[in-house]
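All chains, please: the whole structure from these sequences, using the hints.
Just add 16 to the spot in the sequence shown (first one is 1) and you have this note's numbering.
Hints were generated in silico from the structure; no laboratory data involved. Careful: at least some of the hints might be erroneous.
Said to hold, decoys possible - Below, simulated DMTMM-like cross-link-like pairs (lysine to aspartate or glutamate); rule was C-alpha separation at most 20 Å, straight line:
1. K76 <-> E123
2. K69 <-> E148
3. K31 <-> D145
4. K109 <-> D145
5. K69 <-> E25
6. K69 <-> E87
7. K54 <-> D75
8. K111 <-> E87
9. K69 <-> E33
10. K76 <-> D55
11. K117 <-> E87
12. K109 <-> E98
13. K69 <-> E114
14. K54 <-> E33
Unchecked claim - Computed Cβ-Cβ distance ranges for the label pairs, DEER-style:
15. E98 <-> G149: 12 to 22 Å
16. K109 <-> P41: 28 to 38 Å
17. A52 <-> E99: 12 to 22 Å
18. H23 <-> E148: 15 to 25 Å
19. L151 <-> A52: 17 to 27 Å
20. I88 <-> E33: 13 to 23 Å
21. K90 <-> N20: 14 to 24 Å
For every residue, glycine included, the Cβ atom is placed at its ideal position computed from N, Cα and C.
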Amino acid sequence: MVRNIIHDEAFLAQKAEPATPDDLPIGQDLLDTLAAHKDGCVGMAANMIGVNKRIIIFDKEGSYMVMFNPEIIKKSGPYQAEEGCLSLPGARKAKRWESIKVRYQNERFQTRFQTFTGWTAQIIQHEIDHCEGRLI
17 MVRNIIHDEA FLAQKAEPAT PDDLPIGQDL LDTLAAHKDG CVGMAANMIG VNKRIIIFDK
77 EGSYMVMFNP EIIKKSGPYQ AEEGCLSLPG ARKAKRWESI KVRYQNERFQ TRFQTFTGWT
137 AQIIQHEIDH CEGRLI
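Here is the structure:
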């Protein structure tokens, strides 16, 4: 289901709760909502659609990937970026890392580890910031 985008900064500033298998439908809602906004958006976190859970979705080189409970466990190559956000007006500066290693759970809630670089890594960092309640 396509959901409305949340713009309430007080809600967006809350740290997300861990996702559970009961939250699987939220992954589909994120997919549907991101697809509806694909012209101006490459990733989303659950709080952007009004659900305070640690779930993100992002464009991974042309296909969408959902992560439950993502955490960056290793990072290297810091740089400064400027990013926009569907939930917030304008662009903001953000410190990002060229390479990140992420621990997350897949749709079966199996723990996985994966390294990402470049643009994909930047998108993931932006969405994990949402999970942490950091306004981008």
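Next item on the list: Quick one: which hint numbers does this structure break? Sort them smallest to largest.
Entry: Those not satisfied are hints 13, 14 and 21.
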